[in-house]
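Participant: Sequence:
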Amino acid sequence: MKLDEYTIDSKKRGALILALRRAIVSEFTVEDWREFGYLSGQSDYIQCHDRLLRSLHWQDPDYGDCVLQALERFTREGWDIVDQLINHPKLSSHLLTEIPDLSIFVHRDVQSVKTEAPASLSSGDVVLLALNDAERLMHISGPVSAVDRLHTALHGYFRGLCADAGLSVADDASLTALFKALRTAHPILKDLGSYDNDMVRVLNGFANAIDAINSLRNNGSIAHPSEDLLGEPEAHLAVNATRTIFNYIQAKVGH
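Going by the UniProt record's numbering, the final residue of the sequence shown carries number 255, and the count climbs one at a time with no gaps.
In case anyone wonders, no lab produced these hints; they're calculated from the structure.
Hints may be right or wrong, so weigh each one.
[As the list claims (entries may be wrong)] Each computed DSSO-like pair below joins lysine-lysine, with the alpha-carbon atoms no more than 27 Å apart: (1) LYS190 to LYS180; (2) LYS252 to LYS180; (3) LYS12 to LYS90; (4) LYS90 to LYS11; (5) LYS190 to LYS252.
Could you build the full structure based on these sequences and the hints that come with them?
Facilitator: Have a look at this one:
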């Protein structure tokens with residue numbers, strides 16, 4: 001369904017643009033802007049804007065005006081871009097609160113999407129939420145979007161396990177380094193029973209997979225500017241590998 005009435009009625013159009021600006025100022029990060037740029041075909045404009053990302057990064061007072069400039073451009077470029085913003089998982093609930101009539105343009109159940117975990121949840125619960133979010137992201141904006149989300153959650157989970165076990169790791173330890181510390185020093189993972197040698201080989205394979213996922217996250221996902229993103233089957237592979245690693249470690253350590 002097209003947003004025809006919002007292109008014709010200047011009052012409705014203005015209310016929508018202002019609601020979008022408020023939602024974006026409240027929710028969007030630099031990475032969200034970069035992701036949206038790739039998904040909407042507006043990457044060159046967003047990343048070359050002389051103030052948009054810089055103003056957001058430094059929390060300058062002109063950021064809201066920069067967002068308004070971007071939205072005005074998007075409406076000139078085509079309302080399909082605005083439709084993508086309306087359906088963005090970070091923006092939809094905000095917009096529907098202000099403009100309930102937009103529900104006819106929303107293509108999913110926005111109440112089911114949560115990208116942030118409550119502070120009371122454990123790091124394992126955060127990964128489970130990230131895995132659920134990944135399923136939705138793969139349907140909403142493609143599996144590439146899920147790779148960065150899962151990497152961040154798994155990194156936090158491994159760091160939490162190291163801390164719980166009293167393992168000393170560097171503040172900037174990579175996902176691979178954290179996994180190695182768990183595999184070699186965590187009391188539950190040091191002795192894997194009668195088939196320890198074979199299981200160590202399997203875990204070494206997963207360590208290599210984690211290292212590859214780390215590289216994919218840095219170079220082939222939307223976490224950093226790149227025009228050479230992962231293909232869909234490869235992104236699915238990275239997501240499923242993350243799921244398998246998490247399920248095994250959680251089953252072993254019990255949380």
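Participant: Next, verify each hint and record whether it holds.
Facilitator: Here is what the structure says about each hint:
{"no.": "1", "hint": "LYS190 to LYS180", "result": "holds (11 Å)"}
{"no.": "2", "hint": "LYS252 to LYS180", "result": "holds (15 Å)"}
{"no.": "3", "hint": "LYS12 to LYS90", "result": "holds (22 Å)"}
{"no.": "4", "hint": "LYS90 to LYS11", "result": "holds (24 Å)"}
{"no.": "5", "hint": "LYS190 to LYS252", "result": "holds (11 Å)"}
Checked against the numbered hints above, the structure breaks none of them.
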